[in-house]
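Colleague: Here is what each chain is made of, one letter per residue.
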Amino acid sequence: MDFSLHSYFSILYIVAFLPIVLVAYQVVAQRLRWAVLLVASYAFFWAISSKLIVFILISTVSVYLAGRKMGALFSERDAFIAQDKTRKKELKKLYQKKARLVCGLGVGFNLLLLACLKYLVFFGEVTGSLLALFGLNVPVAVPYIGVPIGISFYTLMAASYLFDIYRGTIAPDTNLGRIALFLSFFPQIMEGPICRYGQTAEQLWAGTPINKDNLYRGSVRILWGFAKKMIVADRLNLVVKPIFADYTSYDGGVVAAAAVLYTLQLYCDFSGCMDVALGTARIFGIALPENFRHPFFSRTASEFWLRWHITLGSWLRDYIFYPLSLSAPMKSLTKAARHRIGNRYGPLLAGSVTLFCVWFANGLWHGAGSQYIFFGLYYFVIILLGGLVEPLAQSVCAKLHINREGTAWRTFQWLRTLVVVFVGELFFRAEGMDAGLYMFGQLVGNFTFESFTNGAFMAIGLTFPSVTTEVVGLCLQDYAAVAAMVVIMTIVAVVEERGCCITERLAHKNLAVRWVVLYALIIAIVIFGSYGVGTAPLDPIYAQF
Amino acid sequence: MTESTAPKPSKPARFFKYLGLSILFCAILWGMFVGLGHILQPKGNSKDDGLIESRAYGFLAEPDNSIDAVFLGDSLASTGISPMRIWGDTGVTSYVCSVNGEQVSFAYTMLRDFFKTQKPRVVFLETEMLYNPFSVGKVFKQFVKDQFTVAKYHHRWKELTLEDFTGQVRYDKVSNLKGCNPKALCEPADASSYMLPSDEVELPGKLNLVFLRALADLCEENGAQFVLVATPHTRDWNYARHNGCAQIAQDLGIGFIDMNTDPVASEVGIDWTSDARDAGIHLNYHGMNKVSDWMASYLSETLGLPDHRGDQAYARWGKCLEEYEEYMAKVAKDPEKYDIPGVHMY
Numbered sequence: 001m002d003f004s005l006h007s008y009f010s011i012l013y014i015v016a017f018l019p020i021v022l023v024a025y026q027v028v029a030q031r032l033r034w035a036v037l038l039v040a041s042y043a044f045f046w047a048i049s050s051k052l053i054v055f056i057l058i059s060t061v062s063v064y065l066a067g068r069k070m071g072a073l074f075s076e077r078d079a080f081i082a083q084d085k086t087r088k089k090e091l092k093k094l095y096q097k098k099a100r101l102v103c104g105l106g107v108g109f110n111l112l113l114l115a116c117l118k119y120l121v122f123f124g125e126v127t128g129s130l131l132a133l134f135g136l137n138v139p140v141a142v143p144y145i146g147v148p149i150g151i152s153f154y155t156l157m158a159a160s161y162l163f164d165i166y167r168g169t170i171a172p173d174t175n176l177g178r179i180a181l182f183l184s185f186f187p188q189i190m191e192g193p194i195c196r197y198g199q200t201a202e203q204l205w206a207g208t209p210i211n212k213d214n215l216y217r218g219s220v221r222i223l224w225g226f227a228k229k230m231i232v233a234d235r236l237n238l239v240v241k242p243i244f245a246d247y248t249s250y251d252g253g254v255v256a257a258a259a260v261l262y263t264l265q266l267y268c269d270f271s272g273c274m275d276v277a278l279g280t281a282r283i284f285g286i287a288l289p290e291n292f293r294h295p296f297f298s299r300t301a302s303e304f305w306l307r308w309h310i311t312l313g314s315w316l317r318d319y320i321f322y323p324l325s326l327s328a329p330m331k332s333l334t335k336a337a338r339h340r341i342g343n344r345y346g347p348l349l350a351g352s353v354t355l356f357c358v359w360f361a362n363g364l365w366h367g368a369g370s371q372y373i374f375f376g377l378y379y380f381v382i383i384l385l386g387g388l389v390e391p392l393a394q395s396v397c398a399k400l401h402i403n404r405e406g407t408a409w410r411t412f413q414w415l416r417t418l419v420v421v422f423v424g425e426l427f428f429r430a431e432g433m434d435a436g437l438y439m440f441g442q443l444v445g446n447f448t449f450e451s452f453t454n455g456a457f458m459a460i461g462l463t464f465p466s467v468t469t470e471v472v473g474l475c476l477q478d479y480a481a482v483a484a485m486v487v488i489m490t491i492v493a494v495v496e497e498r499g500c501c502i503t504e505r506l507a508h509k510n511l512a513v514r515w516v517v518l519y520a521l522i523i524a525i526v527i528f529g530s531y532g533v534g535t536a537p538l539d540p541i542y543a544q545f
Numbered sequence: 001m002t003e004s005t006a007p008k009p010s011k012p013a014r015f016f017k018y019l020g021l022s023i024l025f026c027a028i029l030w031g032m033f034v035g036l037g038h039i040l041q042p043k044g045n046s047k048d049d050g051l052i053e054s055r056a057y058g059f060l061a062e063p064d065n066s067i068d069a070v071f072l073g074d075s076l077a078s079t080g081i082s083p084m085r086i087w088g089d090t091g092v093t094s095y096v097c098s099v100n101g102e103q104v105s106f107a108y109t110m111l112r113d114f115f116k117t118q119k120p121r122v123v124f125l126e127t128e129m130l131y132n133p134f135s136v137g138k139v140f141k142q143f144v145k146d147q148f149t150v151a152k153y154h155h156r157w158k159e160l161t162l163e164d165f166t167g168q169v170r171y172d173k174v175s176n177l178k179g180c181n182p183k184a185l186c187e188p189a190d191a192s193s194y195m196l197p198s199d200e201v202e203l204p205g206k207l208n209l210v211f212l213r214a215l216a217d218l219c220e221e222n223g224a225q226f227v228l229v230a231t232p233h234t235r236d237w238n239y240a241r242h243n244g245c246a247q248i249a250q251d252l253g254i255g256f257i258d259m260n261t262d263p264v265a266s267e268v269g270i271d272w273t274s275d276a277r278d279a280g281i282h283l284n285y286h287g288m289n290k291v292s293d294w295m296a297s298y299l300s301e302t303l304g305l306p307d308h309r310g311d312q313a314y315a316r317w318g319k320c321l322e323e324y325e326e327y328m329a330k331v332a333k334d335p336e337k338y339d340i341p342g343v344h345m346y
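In order, the protein sequence lines correspond to chains A and B.
At position 448 of the first sequence (counting the first as 1) the number is 448 in the numbering used here, and the numbers step up by one without a gap.
At position 314 of the second sequence (counting the first as 1) the number is 314 in the numbering used here, and the numbers step up by one without a gap.
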């Protein structure tokens, strides 16, 4: 059980910080509620990152100023157009160019901050390695300042704010406090979701009173997130952590199990954190965008990314994929490719350049490590191959009379996608690229069930020298608890896939049913949660990105 | 469609309705926690039964009001004092209630629990604990553990038997070590700069002092004498801390024994080449015996605590002593085997 205020799963957060904020929010006047949220958000940020809070302040002021500057440019442009409508096109072009410069500077400055804080050490290592290749063993010393919590998330939100102003989707905000709250809102600062200004800024400002419906729905969502995190993700850490730490000691069967269990752990950790974030926001009457939509029902890798970390995918689509695809050089490339290699593969080849940029950015966003870049490029290759092979697959299926909408084919697609996801997460979690390749080699070349039959798998665990000399792992009851949660999550997912929102349905039930659900969740977390002596609760994984 | 004509409840009425519902919700939840806590609570007092801090809580198996002295503290208390050695020397009954690396708030909880079944005439606090870092989070954690047995022993859902649902708690596994954790290895300490005289004063942290005062009050309420004791150790103990503890003891009107300064140090006679377990942090069993011998005479002669040897009510202590001596012979024979964390016998 975590007693410090450094995650949403700490007991201090749930029994002290959040209740105090809720009470303060409700008792102050509606027009001041935004201030309560802002103070709470900065207090939460300070509790985790202390002095590094200065960087979110710098980002906030920079996007505020850049937004105001773009707003002033657009006002000036409109005034000139009103005076002389004959120059409308020319003026629009001129001011769009000026606004692009301001937007570029604002976004560039924030990305530079991100690069300096998060990636500089990595780039220093890469530079050192490159210099060594040329025989120059020059030590590249890069100072490490620290990484503020959520910098990868709020930087993308800051960039989207400026892009949206540039595109005319939103008007620049004249209120610095509202932008500060939009970027730092405490339920989303650690792991997202990556919100757009148009989605949340006004809701955050509105100061909607807490009501019993939102309180109930939010509480159920928070408890559901706790259940996923504490019953599944934290419990699995006792077996996932030692396998990845000591990967050379295990055969392919254990590696396969580690890939599956880690994927489950990551999902329960990240989506559990999202449940807590969305549930908390819901209590304040704020609807944050969903970040997951039952990703394990996907039938292709592309579909998986439409259901997993949705707000990152949509950010990359809206601010990298579309602008690049519609840019003049890319249009020229597509035209040239069509001319050279035909209408079928020409656009695909040109599109692959854009796709590469998107997936490279996806990998790099996750972290400054070669395994993350590999992870991004892995999906680039999988999705590109999917596009290339699709015509052939259609033709083969037609010849073999395979019904592509039939259950068998759909099941094949589902299983294939699961394998793709498991392998991707194996590289993602591995302790570096070499470790990932070694584990993949074991998976392919040394697959055996021996560790499961001779008891070696059940003996995997962690040591706690101050408590016991024995290795502490998972027993059959632990796996049964995980399996039970997986079954419940699957039932919930199936029901929601059919268009039914369980929390909404529950909110309309009578008091006894609603309370039974709350009690069941609380008791399940308290009893079956993995905490206390001999456990290894997981630090929220995406908070490190 | 007809509109409801029922008047909307007033704001205060709604407030009290929700307040009442909230209290009812919490009360039912509390009841569930208490009920589940009874099921999950270990039904015995040994480590095998699942009792957390079973070494320190071994006193639960002792007959009520049978312990005359209790030693609180961290690992320095459990490695430095042997109640069975004290019994063998003088027939005085004592117990060590300590947990490694703990802060002084834990000693307060421990003593509060101790007083529920025992009436010791003297309570000792090993002073190292006063200088351990204090964490408010740990106090909170302790509070949660105290209040919610269901959270403290939730992991026992995996090992529940029918007896857990129907049986009563039975604390019947009497410890032969009485909370002591003897260490056998020897790593000499460098005592060249140990206890150099100084006028400096290092007081314990403010929050540690809050709990120290609470301990003193608790002892006073229960009619027990409260004494600070610094067992011999070279690494973290110095004259500044000695002066700090002497000042605090004077302020609180309690006793203070420093085994690192003369005349007590000479009387104890620690040899840092043979009595140190890990270069002056803990004592090994040679050092522990010397400290226990001195303490035995202090309890018996200075404080006048009674000799229970020969008293039939204390016959179990005599048997424990035999088993303790057998165990110590094994410790002396195979130091490596018996000097590892988490190993202690009953």
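If you're looking for bench data, these hints aren't it; they were derived computationally from the structure.
Hints should not be assumed to be uniformly reliable.
Claimed, not checked - Partner residues aside, some chain A positions facing chain B, computed with beta carbon under 8 Å: (1) V517; (2) L521; (3) I523; (4) V533.
C-beta atoms are modelled at their ideal positions from N, C-alpha and C, and glycine is treated no differently.
Colleague: Hint by hint, say whether it matches the structure.
Modeller: Consistency of the hints with the structure:
| no. | hint | result |
| --- | --- | --- |
| 1 | V517 | 12 Å, violated |
| 2 | L521 | 11 Å, violated |
| 3 | I523 | 6 Å, holds |
| 4 | V533 | 7 Å, holds |
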